[in-house]
Amino acid sequence: MSRAGETPLEAVHMTGPQPHTLEGSVWPLVAAVGLVLLAVGLTISMVLAAIGVLVLLGSAWGAAREVNPPGGAAEAGPLVVRSDDPDFWRRRPKQFWLGAGMSISSATLLAAVYRAWAAHGLFHPGEWPDAAPTLHSPLTLAATLAIGASLVCAFLGTRAFRQGTRRPALLWLAGSLALGAAFLAALMLDWARVVATGFGPTHGPAGSGYVVLMGYHALTVGGGLMMLGVLTWHAFGERLGARRNSVFTGMLVYWTFAAAAWLLTYVVVHLRLVVWGGRFLI
Amino acid sequence: MGKGGTFAGRWRRRGRTMRSWLLSTDNVRVGTMWIAATLLFFYIGGLAAILIRSELAFPGMTFLTPEDYAAYFTLHGTMMSFFFAVPVFFGIGSILVPGMIGAKNMAFPRLNSFDFYLILLGGLILEVAFLFGERPMAGWTSYTPLSLSEFSPGRGQDWWVWGIFIETLGGTLAGINFTVTILRDRRPKLRMRALPIFVWAMLFTSILTMVAGPFLLAALVFMYLDRNLGTFLFDPTSVHGALLWQDLFWFYSHPATYVMAIPAFGIVSMILPRFSKSPIFSYGVVVFATAAITALGFLVWWHHMLVTGMEIDYRLFGALASWAIAIPTGTLIFTWLFGLRLGHIHLTTPMLFALSWIVMFTIGGANGLYMAYVPFDHYVHETYWLVAHLHYIIFSGTVLGIFAAIYYWFPSALHVKLDEGLGQLHFWGTFIGMNMTFFPMHFLGLMGAPRRVYDYGGEHFGLHFLVAGGMFLVAAASLVFLANVLITLRHRRRVIEDPWGPAEEWNLAGGRLEGESP
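Each protein sequence line maps, in turn, to chains U and W. Quick note on numbering: my numbering labels position 246 of the first sequence as 229, and the sequence is numbered without any gaps. Quick note: to get my numbering, add 427 to the position in the second sequence (first position is 1).
Since the hints were derived computationally from the structure, they do not count as laboratory data. Cβ atoms here follow ideal geometry from the backbone N, Cα and C, with glycine treated the same way. Some hints here could point you the wrong way.
Unchecked claim - Per the computed footprint, the stretches of chain W lying under chain U, defined by three or more beta-carbons under 8 Å from a beta-carbon of chain U, are:
| hint | segment |
| --- | --- |
| 1 | 574 to 588 |
| 2 | 635 to 645 |
| 3 | 716 to 726 |
| 4 | 868 to 874 |
Unchecked claim - Some chain U residues near chain W, calculated using beta-carbon distances under 10 Å:
| hint | residue |
| --- | --- |
| 5 | SER8 |
| 6 | LEU25 |
| 7 | THR26 |
| 8 | ILE27 |
| 9 | PRO76 |
| 10 | SER88 |
| 11 | ALA90 |
| 12 | ALA94 |
| 13 | GLY104 |
| 14 | THR117 |
| 15 | VAL194 |
| 16 | VAL195 |
| 17 | TYR199 |
| 18 | HIS253 |
Stated by the list, open to error - Below, a sample of chain W positions facing chain U; criterion: calculated Cβ distance under 10 Å:
| hint | residue |
| --- | --- |
| 19 | PRO536 |
| 20 | PHE541 |
| 21 | ILE593 |
| 22 | GLY602 |
| 23 | VAL648 |
| 24 | LEU670 |
| 25 | PHE678 |
| 26 | TYR679 |
| 27 | ARG768 |
| 28 | GLY770 |
| 29 | THR810 |
The shape of chain U in the complex, shown without the other chains:
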């Protein structure tokens, strides 16, 4: 079994076609430093935190460029995997699995936020302070519609890339990006309205819980927008295209999660359509 100079581990396992192995990359170290600067800045100086954010964004940019070299749009890459393929799940692009993994982790993070809500009784009628404003507003409805539309645009853009229609794909992606930004803007404006009524983060557990929940969604969508923005820019720059589009699959998985998470929050918190003890609470 073992060849000369080869250990049993390698003899058995290091066979068969192997993917290309990288020689090295500076971006993981840069990204980690950026995150540390952000954390240190949040403790001692917001200027340092801002620098950390810029370094993080820069590292995401650099890593995306490294992963997608120029001319990538023309390079061969995995296309659609047929659903009747016995290895369907294993042959899904790995970016699909990355998107799925990030969605699972984000879902449990949302569960933790909801756990905080439950701990303070905010799912119960009568636990909200009298001064709590009406959370449902035209802005939250607009935000919900915006993120739904953004998801549809992202799906159509990904499909257009796979079909090889580049210009419509780019337009759909740009539209998705714009609608995602509109979602964030609507959320921020609505939160400003809520805070202006005196229901801010320091207004007891209910106010604290609300800002955390909205902040979670803003971060989820903001992170997704950052990813979508980088990918869209690279698509415009012909680093991504019809034959190199697997990364959009992962993005689509995560964006679907972000939209679904917001929809859940909209129904449960803003519309307060919760079945609790057999009653709908509106």
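Since the structure of chain U is provided, determine the placement of chain W on it from the hints.
Below, chain W alone, put in the same frame as chain U:
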């Protein structure tokens, strides 16, 4: 020779400069740096333990102030739990898992490197904060309201928050990376039912961190907001708000104890057959039992809160779930022992660590069963019984397991073998020392000695002195290990053939190729 070449060969081809190491995305190099970093944190946490036990060696000794004592037990628990025990197996996995499944690297090599740097830099944040006198003192569990700004003023606790946040983020992302690698990057004919047991163990570990990690991330952000922005997420005037931190913390940290132990299940499952020349009793039982432990691990976090006064239903559920998890654990132990019964046991250093792992982990599990009994827990909670339990589980679960893995796979990875004599010395020093340190703690706990106290009356002197002696023995043994590694790497007596003797390793613990006979 495989297309990837030998591990040592890949090192030579990729250069030896510091730059080539720091920027490397090669799984073997990243894994090596990962293990080195976590061992560094292990030694730092050990240094803190030496200071703690020295302070407690004699009643009335006061070379540490009470604030120093609180800072050092916080540093010890934090370093050992978050920066050694949780991440170290990802380092081992980074080296071994791709090779075991026929992949050349992790699914996301840059992400792998990013995760390593998060763990390294997260730990360094805490160390630097300590050096500048901004020390967290609320313990590695940092319960509220002690850890909030009223009772932990200053920035020490904030550094703790961000250090742990960065480390946990690294662990969560590593969980995603390992899960994708194992599920997707297996060579074509390697089915899941033929995976090496260590790979199964890493898969379950990765799922645990991927799912549970965000709970701690959320809790840490909540703590930062409460400390700095005046929010009320852990409002102590609300009953459930006061317990919320514990709820979120333990929902992550109890699965984290399985993150610290499950990879060792895989390591033990691969070492025992090798040095007993007897196949594992049942591959399927080991895998399913580990899966059951993983699933049940998400249900038992309430047993850390049995004395908080929560409703009896929750306490009963916590107790029952904790007892239930003993069933698959016991199944595993008997499976390993049955596998040994017809073999010829060869007591090499890795085998000694693996066998002692089984014994020590069983003791830890047994004293944990007692604690799951609510009335007993009311008596021993926050006493030295708890300290004994968690150290038998974590010290044996992680430390013995990681040393077994290092001694076993060191020749495979680097073509040099650690000195067997020094290895045996390391083992016996560790084994005797850890039992001298932690077994007397059971008696201290039954005598009512509380944990985390700065001083005590003379009635517990003998046991505390014994504990301190054991601690120094463990410390000395750890230095023997360090010396062994340095001497071995310095002299590098190259091993061509497998130093553990010929063996079809993959046939003894899974990993068969499709259609091949055992």
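Hints versus structure:
1. Counting residues of the segment 574 to 588 of chain W whose beta-carbon sits less than 8 Å from any beta-carbon of chain U gives 3, enough to reach three: the coverage restraint holds.
2. Under the rule that three or more residues need a Cβ within less than 8 Å of chain U, the assignment of the segment 635 to 645 of chain W holds, with 8 such residues.
3. With a threshold of 8 Å between beta carbons, the proposed coverage of the segment 716 to 726 of chain W by chain U is violated, since 0 of its residues qualify and at least three are required.
4. Coverage of the segment 868 to 874 of chain W by chain U is violated in this model, with 0 residues showing a Cβ closer than 8 Å to a Cβ of that chain against a need of three.
5. Interface hint status for SER8(U): upheld, as the beta-carbon distance to the closest one in chain W is roughly 5 Å, under 10 Å.
6. With a least beta-carbon distance of about 7 Å to chain W, the hint placing LEU25(U) at the interface is held under the 10 Å criterion.
7. With a cut of 10 Å, the hint placing THR26(U) at the interface with chain W holds, because the nearest CB-to-CB distance is about 5 Å.
8. Contact between ILE27(U) and chain W, as hinted, is supported at the beta carbon level, the nearest pair being about 7 Å apart and thus within 10 Å.
9. Here the hint on PRO76(U) is kept, as its CB sits about 9 Å from the closest CB of chain W, short of 10 Å.
10. For SER88(U), the shortest C-beta to C-beta distance to chain W is roughly 5 Å, which falls under 10 Å, so the interface hint holds.
11. Satisfaction of the interface hint for ALA90(U) is found here, the shortest Cβ-Cβ separation to chain W being roughly 8 Å, below the 10 Å cut-off.
12. Using the Cβ-Cβ criterion of 10 Å, the hint placing ALA94(U) at the interface with chain W is satisfied: the shortest such distance is roughly 7 Å.
13. Evaluation of the GLY104(U) hint against chain W yields a held restraint, the C-beta minimum of about 7 Å falling below 10 Å.
14. At about 21 Å, the closest approach between the beta carbon of THR117(U) and any beta carbon in chain W exceeds 10 Å, and the interface hint on this residue is violated.
15. The beta carbon of VAL194(U) comes within 7 Å of a beta carbon in chain W, closer than 10 Å, and the hint placing it at the interface holds.
16. The restraint placing VAL195(U) at the interface with chain W holds, with a minimum CB-CB distance near 7 Å, inside the 10 Å limit.
17. Checking TYR199(U) against chain W: minimum C-beta separation of about 8 Å stays under 10 Å; hint holds.
18. The restraint placing HIS253(U) at the interface with chain W is violated, with a minimum CB-CB distance near 20 Å, outside the 10 Å limit.
19. Because the smallest distance between the Cβ of PRO536(W) and any Cβ of chain U comes to about 5 Å, under 10 Å, the interface hint for this residue holds.
20. Annotation: PHE541(W) was flagged as interfacial toward chain U, and the flag holds, the nearest CB pair being 4 Å apart, inside 10 Å.
21. Nearest Cβ of chain U to the Cβ of ILE593(W): about 6 Å, under the 10 Å cut. The hint holds.
22. This hint holds: GLY602(W) has a C-beta 8 Å from the nearest C-beta of chain U, less than the 10 Å allowed.
23. Taking 10 Å as the C-beta contact cut-off toward chain U, the hint placing VAL648(W) at the interface holds, the least distance being around 8 Å.
24. Among the interface hints, the one on LEU670(W) holds; its C-beta lies about 7 Å from the nearest C-beta in chain U, closer than the 10 Å criterion.
25. With 10 Å as the threshold, the beta carbon of PHE678(W) comes within range of chain U, its nearest partner Cβ sitting at about 8 Å, so the hint holds.
26. Below 10 Å, beta-carbon pairs count as interface contacts, and TYR679(W) has one with chain U at about 9 Å; its hint therefore holds.
27. For the restraint placing ARG768(W) at the interface with chain U, the shortest Cβ-Cβ distance is roughly 25 Å, beyond the 10 Å limit, so the hint is violated.
28. Interface restraint check: GLY770(W) against chain U, minimum CB-CB distance 19 Å, threshold 10 Å, status violated.
29. For THR810(W), the suggested interface contact is broken, since its CB lies about 28 Å from the closest CB of chain U, more than 10 Å.
Violated hints, in rising order: 3, 4, 14, 18, 27, 28 and 29; the structure is consistent with all others.
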